[in-house]
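Put together the whole structure using the sequences plus the hints.
The chain contents come next:
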Amino acid sequence: MSGRSYALNSRVALEGDGDTEDHVLVDTHTATLCACNDAAWRILFALRSGATVDDLVTQIEAEYEVAPDAAKADVLDFISRLSAMGLIDEA
Amino acid sequence: MKPDKLRVAISGFDGLDVPHPGGPVARALRESWPGPIEIHALGYDPFMTGAWMGGAADELHTLPDFTEGDAVLLERLVALTSRFGFDAFIPTLDLEIPVIARLAGRLEAVGLRTLLPSPDAVYATSKLRLPKFCHDHSIPTPRTIHVLDQGDLPLHADQFGYPMFIKGTVAGAKRAANVAQATAAARGLNRTWGGGVLLQEVIEGEEYNVAAVLARDHSISAMVSIKKVGVNEKGKGVMCTVVDDPAIERHAVSVLEALDWCGPVELEFVLPKGAKAPSLIEVNCRFPSGILLSHSADCSLPAVLLEEILGQRPGTRVKARPGTSFVRDIAETAVPLAQLDRLARFGSVAGQAPAPTANRRADPDGLAVAVTGVSTLDVVNAGLGVARALRMAPDMGRLYGLGYGTYDSGLYRSELFDATFRLPASDDPDALYDRLAAIHGDNPFDVVVPSLDGEIPRFIEIADRLEALGVATLLPSAEAFARRGKDRVFTDPPVREPAGFAIPDTIMAKSEVEAVEASSALGYPVVLKGVISHALPAQSASEVRAAWSRLREKGCAEALVQRFVDGERFAVSAVCDRAYEPVTMLTIKKLRICDRGSTWSAIGVPQPELEAGFADFLRALRWVGPVEGEFIRDELTERFHLIEINPRFTAWIAFSAHLGLNHPYAAVRAARGLPVVAGTAAADLVFVRSCEDAPITNSAFAAIATKGALKHA
Chain A
1 MSGRSYALNS RVALEGDGDT EDHVLVDTHT ATLCACNDAA WRILFALRSG
51 ATVDDLVTQI EAEYEVAPDA AKADVLDFIS RLSAMGLIDE A
Chain B
92 MKPDKLRVAI SGFDGLDVPH PGGPVARALR ESWPGPIEIH ALGYDPFMTG
142 AWMGGAADEL HTLPDFTEGD AVLLERLVAL TSRFGFDAFI PTLDLEIPVI
192 ARLAGRLEAV GLRTLLPSPD AVYATSKLRL PKFCHDHSIP TPRTIHVLDQ
242 GDLPLHADQF GYPMFIKGTV AGAKRAANVA QATAAARGLN RTWGGGVLLQ
292 EVIEGEEYNV AAVLARDHSI SAMVSIKKVG VNEKGKGVMC TVVDDPAIER
342 HAVSVLEALD WCGPVELEFV LPKGAKAPSL IEVNCRFPSG ILLSHSADCS
392 LPAVLLEEIL GQRPGTRVKA RPGTSFVRDI AETAVPLAQL DRLARFGSVA
442 GQAPAPTANR RADPDGLAVA VTGVSTLDVV NAGLGVARAL RMAPDMGRLY
492 GLGYGTYDSG LYRSELFDAT FRLPASDDPD ALYDRLAAIH GDNPFDVVVP
542 SLDGEIPRFI EIADRLEALG VATLLPSAEA FARRGKDRVF TDPPVREPAG
592 FAIPDTIMAK SEVEAVEASS ALGYPVVLKG VISHALPAQS ASEVRAAWSR
642 LREKGCAEAL VQRFVDGERF AVSAVCDRAY EPVTMLTIKK LRICDRGSTW
692 SAIGVPQPEL EAGFADFLRA LRWVGPVEGE FIRDELTERF HLIEINPRFT
742 AWIAFSAHLG LNHPYAAVRA ARGLPVVAGT AAADLVFVRS CEDAPITNSA
792 FAAIATKGAL KHA
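Residue numbers (this note's numbering), protein chains in the order written: chain A, 1 to 91; chain B, 92 to 804.
These are calculated hints, taken from the structure and not from any lab test. Built from N, CA and C at the ideal position, the CB exists for glycine as well. It is possible that part of the hints are untrue.
Just the calculated beta-carbon pair ranges, DEER-fashion [as the list claims (entries may be wrong)]:
(1) Val-66(A) - Ala-368(B): 24 to 34 Å
(2) Pro-628(B) - Phe-45(A): 51 to 61 Å
(3) Asp-89(A) - Gly-365(B): 43 to 53 Å
(4) Ala-368(B) - Asp-89(A): 18 to 28 Å
Sample of chain B residues at the chain A side, in silico, Cβ under 7 Å [claimed, not checked]:
(5) Thr-283
(6) Val-322
(7) Asn-323
(8) Thr-332
(9) Val-334
(10) Asp-335
(11) Asp-336
(12) Lys-410
(13) Pro-413
(14) Gly-414
(15) Ser-790
(16) Ala-793
(17) Ala-794
Structural data, given as structure tokens:
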């Protein structure tokens with residue numbers, strides 16, 4: 001799974017205000033909103049153009065000084081949630 | 092020579108809390124039409140509230156009631172077109188559209204162009220015919236039957252099963268959980284619209300509106316799918332978002348292709364949980380009232396329609412930007428009485444100038460104030476009016492809005508508030524204090540003005556702690572608050588026979604049987620009131636039972652049964668200082684009220700005797716703070732009857748600032764122990780309120796939902 005590449009699909013819109021750090025994922029099919037923290041936002045931005053789990057883990061490790069295992073678990077959990085919502089495709 | 096400015100006539104600027112689409116159509120055109128445009132608002136009486144808002148219409152005109160016949164309406168439209176040079180007409184009311192469609196050829200002959208479905212097409216998808224249309228085209232729709240004879244309703248309702256929707260033949264719908272509610276709802280809807288009622292199966296699910304424009308060749312020019320994200324008690328979308336769900340769009344296209352249609356259309360769908368196919372609920376021959384959202388989403392359907400009417404449409408289909416949202420809000424203004432009078436007497440008048448660009452400014456040395464009650468979800472809360480009045484005061488500091496729900500429209504109003512915060516939806520006074528203290532820690536304020544009945548006891552309980560924090564309040568004692576409650580003020584008033592007004596006979600009922608007995612004792616008609624809110628008139632024992640059932644649904648364990656008084660409605664607003672002395676008073680006569688009893692138009696009418704009597708009453712109550720007395724003047728005896736005492740500002744209170752009295756400003760000063768200068772109300776202004784959709788960003792909504800705070804730049 002680590003080497004697979006994922007990308008957000010066309011039903012995702014990302015809205016964010018750089019000043020207030022209020023970042024939101026919008027599912028444009030259902031109007032579901034998900035408020036995002038900074039880490040989620042970084043992953044979503046990376047997934048706009050496609051990224052592997054390894055890419056994402058590397059980015060999270062570098063930004064947040066988190067152990068590799070914890071970073072990988074978080075990334076996989078996040079990918080799994082996006083997949084369950086139908087918002088991500090395997091590239 | 093044809094003038095270069097486009098002149099467009101639009102109808103449907105009224106509707107109060109269920110707004111007609113004309114105002115949003117006008118605003119969308121004003122903001123999206125590429126060239127100069129002049130908007131002419133057409134209405135069937137002078138109180139077309141949305142048309143009076145600043146910048147909504149360049150001119151206002153009245154039309155004869157279309158029930159007077161085609162010839163009369165045609166004559167008026169031709170005369171207006173001749174005088175004002177209308178290029179196009181966009182009617183937006185369900186009942187008038189078949190009439191205008193019949194007249195379309197003759198209107199076009201004088202240069203007034205429209206684009207409307209034929210009367211036959213409208214009839215084929217009317218509420219009465221929609222089940223057949225859906226059956227013929229294999230379109231899912233809720234089970235629906237038409238009951239013409241009201242005497243047959245209990246039989247059909249019991250056979251149909253509960254819950255159900257009772258729908259009027261033209262508009263209006265009420266959910267009924269039993270035969271008493273169904274019968275009462277049917278009686279009211281049939282009285283309003285005639286032709287019996289429809290019983291419709293309730294399908295629980297997510298609701299969508301699809302708005303579209305179809306060209307003269309019946310092709311789809313543009314289409315926008317809108318999801319109702321937040322819905323109020325009436326089932327109206329109070330927060331809506333543009334979506335691009337392929338399933339909804341596919342079904343909408345199949346319905347649109349089955350219609351024999353041109354012009355604007357609204358399809359209402361419900362998508363049952365877990366289902367793939369939505370059910371078609373209604374087809375309306377005009378835009379939805381939330382049509383401004385299409386403009387916010389870069390696909391202005393009113394502009395597309397106007398292009399189609401004028402034959403200017405470019406060949407490319409426009410696509411709306413999904414994720415665009417609005418929250419339903421209100422706008423208020425004060426209109427010179429002379430202008431209303433001119434419209435009533437002469438049929439035409441110039442519109443109101445646009446309001447100056449919102450310019451929120453705070454005096455760095457001014458008082459900072461926090462205001463609660465900023466929702467327009469079901470009823471318009473008073474906090475919005477309080478804030479607007481304070482913005483009109485000369486030396487105010489920062490203003491903060493405090494709400495309880497994410498759909499509280501005021502939380503997103505950057506022209507009113509410097510920042511907004513969510514309060515805990517809890518009955519615990521300590522939780523309220525802790526939240527206010529936390530907000531005050533980061534954003535200090537000098538005064539807090541609670542504006543909701545239900546929260547005031549909690550504010551009374553924490554008032555001393557707030558005072559210690561440096562936050563002043565102007566509130567009554569717990570005893571005074573309880574004594575003005577509906578359960579005591581009518582049965583144990585502080586003044587038995589007040590001067591200036593009477594207290595209607597009232598009996599407390601704790602069961603349906605007691606409510607019927609009380610009604611028999613008082614004589615019909617009566618009104619049943621919940622202790623906190625809700626009031627339902629009843630003209631018979633069966634209507635009393637239905638009203639009792641409705642009040643129970645609303646959580647009312649008991650009800651006051653009161654003699655119904657018919658007549659004009661008045662309200663007296665006052666602010667009492669800590670010595671129980673009214674420092675300012677204002678009486679209005681209500682000119683337009685919605686079915687919830689809220690005031691949408693009013694005029695100031697001094698009533699010295701009533702005000703003096705009410706002032707005595709408030710002194711006897713030992714009242715402190717803002718208060719509103721509601722009265723009905725009996726049409727037979729001309730005597731005022733007390734209907735209710737509200738322990739806070741009324742929602743129309745910004746009107747006091749227009750009149751030069753500014754009650755919220757007086758309350759804030761009195762709370763801080765500052766002198767209040769009593770003024771004299773200006774005359775000849777009329778208060779007017781209208782619904783208005785306010786675009787919001789999803790990030791603002793998320794900030795309120797997750798962090799409970801939103802700072803406005």
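Taking the hints in turn, this is what the structure says about them:
Between Val-66(A) and Ala-368(B) the CB atoms are about 45 Å apart, so this pair departs from the stated range of 24 to 34 Å. In this structure, Pro-628(B) and Phe-45(A) meet the distance hint of 51 to 61 Å, their C-beta atoms being roughly 58 Å apart. At about 24 Å, the beta-carbon gap between Asp-89(A) and Gly-365(B) misses the expected band of 43 to 53 Å. One distance hint, 18 to 28 Å for the beta-carbon pair Ala-368(B) and Asp-89(A), holds here, with the actual separation near 25 Å.
Look at Thr-283(B): its Cβ only gets to about 33 Å from chain A, farther than 7 Å, so that hint breaks. A least Cβ separation of about 13 Å between Val-322(B) and chain A goes past the 7 Å threshold, and the interface hint is therefore violated. A least Cβ separation of about 17 Å between Asn-323(B) and chain A goes past the 7 Å threshold, and the interface hint is therefore violated. For Thr-332(B), the interface hint holds, since its Cβ comes within 7 Å of a Cβ in chain A; the closest pair sits about 4 Å apart.
Annotation: interface hint on Val-334(B) holds; nearest CB of chain A at approximately 5 Å, less than 7 Å. With a cut of 7 Å, the hint placing Asp-335(B) at the interface with chain A holds, because the nearest CB-to-CB distance is about 5 Å. Against a cut-off of 7 Å between C-beta atoms, the interface hint on Asp-336(B) holds, since the closest Cβ of chain A lies about 4 Å away. Given the 7 Å rule on beta carbons, the hint for Lys-410(B) is violated: about 12 Å separates it from the nearest Cβ of chain A.
Checking Pro-413(B) against chain A: minimum C-beta separation of about 3 Å stays under 7 Å; hint holds. Given hint, Gly-414(B) at the interface with chain A, holds; its Cβ is 4 Å from that chain's nearest Cβ, closer than 7 Å. Annotation: interface hint on Ser-790(B) holds; nearest CB of chain A at approximately 4 Å, less than 7 Å. About 4 Å separates the beta-carbon of Ala-793(B) from the nearest beta-carbon of chain A, less than 7 Å, and the hint is met.
At its closest, the beta carbon of Ala-794(B) sits 5 Å from a beta carbon of chain A; the interface hint therefore holds under the 7 Å criterion.
Of the hints listed earlier, those the structure fails to meet are numbers 1, 3, 5, 6, 7 and 12, in rising order.
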